[in-house]
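Enquirer: In the order they appear, the protein sequences are chains A and B.
Once you know that position 60 of the first sequence is 60 in our numbering, the rest is easy, because the numbers rise by one and skip nothing.
So the mapping is simple: our numbering equals the position in the second sequence, first residue as 1, plus 182.
The hints are simulated quantities; they were obtained by calculation from the structure and are not laboratory data.
Since we're looking at a predicted model, the values are computed, not measured.
Worth double-checking, as some hints may not be accurate.
[Said to hold, decoys possible] Across the chosen pairs, the derived CB separations fall in these ranges:
id, chain 1, residue 1, chain 2, residue 2, range
1, B, P335, A, T136, 24 to 34 Å
2, B, S334, A, A49, 40 to 50 Å
3, A, W140, B, W350, 22 to 32 Å
4, B, I358, A, P45, 31 to 41 Å
5, A, W140, B, H222, 28 to 38 Å
[Said to hold, decoys possible] Covered stretches of chain B (in silico footprint by chain A; criterion: 3 or more residues with CB under 8 Å from a CB of chain A, positions within the stretch not fixed):
id, segment
6, 185 to 196
7, 202 to 216
All residues carry an ideal CB built from backbone N, CA and C; glycine is no exception.
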Amino acid sequence: MVPLWQIFLTFAKIGSFTIGGGYAMIPLIRQEIVKKGWLSDDEIPDIIALAQSAPGILAVNMSIFAGYKMRGFKGSVAATLGSVIPSFIIILLIAMLFTGYQDNPVVVRIFKGIRPVVVSLILVPMINMARKGNKTWWAWVISAISLFLVAFMKFSPIYILMVLIVTAICFTLIKERRSSDD
Amino acid sequence: MIDPVIFLQLFLVFLIIGLFTFGGGYAMLSLIQTQVVSAHSWLTESAFTDIVAISQMTPGPVGINCATYVGYEVARSAGGSHIVGILGSMTATVAVVLPSFLIVLTIVRFYTKFKDNKIFEGVMGWLRPAVVGLIGAAAVILMINVSWSGPSPDVSVVADNFPDWTSWALFAAATIASLFFKVGPIPIIIAGGVLGLLIY
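Working from the sequences, and respecting the hints, build out all of it.
Expert: Here you go:
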């Protein structure tokens with residue numbers, strides 16, 4: 001049985017070396033967990049698929065599931081704490097430091113240059129996701145309508161997601177019934 | 183003395199954000215933006231942009247970084263001390279993780295049934311393109327302001343993020359570097375900071 005503190009430390013290591021998003025974490029999970037023999041290679045795709053199917057942060061979801069597979073509920077708590085606590089401490093220190101320097105003229109100039117590039121760092125992943133994921137014209141329509149409603153009509157994204165979830169469930173149920181009638 | 187209601191509000195807002203984040207950290211940014219900046223006016227657009235920049239440069243999941251930072255800022259500006267800020271960051275971080283924790287542990291039990299579920303596949307097929315639109319909206323909101331005070335919308339540039347043509351040039355250069363040359367976010371943010379220091 002894998003000790004809980006080792007699960008915690010391993011996910012703390014993975015969490016603190018993951019810069020960017022959850023997908024950057026996958027090779028690290030392989031290296032740290034599969035090589036130690038705690039999980040097998042075949043279990044990794046399952047972990048990714050399940051992490052994607054639940055709402056929330058992908059990296060955290062993968063830790064919850066991987067921890068659960070290793071040691072049940074306790075393992076998932078240890079893995080979650082491990083993947084959250086390092087970034088929590090690092091960002092908290094930065095936040096406390098930054099509030100003292102927010103009005104420093106050098107910091108102001110640096111952030112004046114950073115702000116416009118951050119906008120493109122949100123825009124570009126969206127373009128890449130659209131090109132990869134939007135395979136039908138209908139998907140492009142959904143993307144365009146939700147962009148328009150949130151950016152220009154000030155709709156809350158939560159209502160849009162709720163309406164889509166309900167519509168999708170109805171649609172799928174009707175389609176299922178039709179195909180079973182045939 | 184700080185009003186304890188702010189912690190309750192932070193908790194509820196981040197619980198909802200955690201529950202409705204489909205498709206990763208960028209999708210979460212759009213929810214944080216609409217809740218924290220637009221709905222509650224806890225932060226300005228430019229303060230939010232700074233937090234996104236710092237969250238992307240710091241190790242760890244962007245969503246956790248952003249929740250921790252926003253929780254700290256909101257509680258600190260309401261209560262004035264670092265301790266209150268730390269309590270706020272804990273509140274936001276726990277709240278944002280809690281829904282995924284409960285949901286992942288629930289579906290783990292039904293996973294083999296869940297894997298080929300047609301309804302689940304159907305829902306994701308509708309949500310994925312919507313999330314793309316939501317992320318696009320987050321970027322648009324950081325560029326232009328639309329307000330509906332009169333019968334027709336009032337559109338203006340977000341001056342804190344785009345004060346002059348230089349900032350649009352930086353935006354264009356970053357977009358090209360990232361889209362066509364696959365330059366990673368950290369080199370782009372560092373380059374933006376260095377150029378900002380040299381130009382302004």
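Enquirer: Which earlier hints can't be squared with this structure?
Expert: 6
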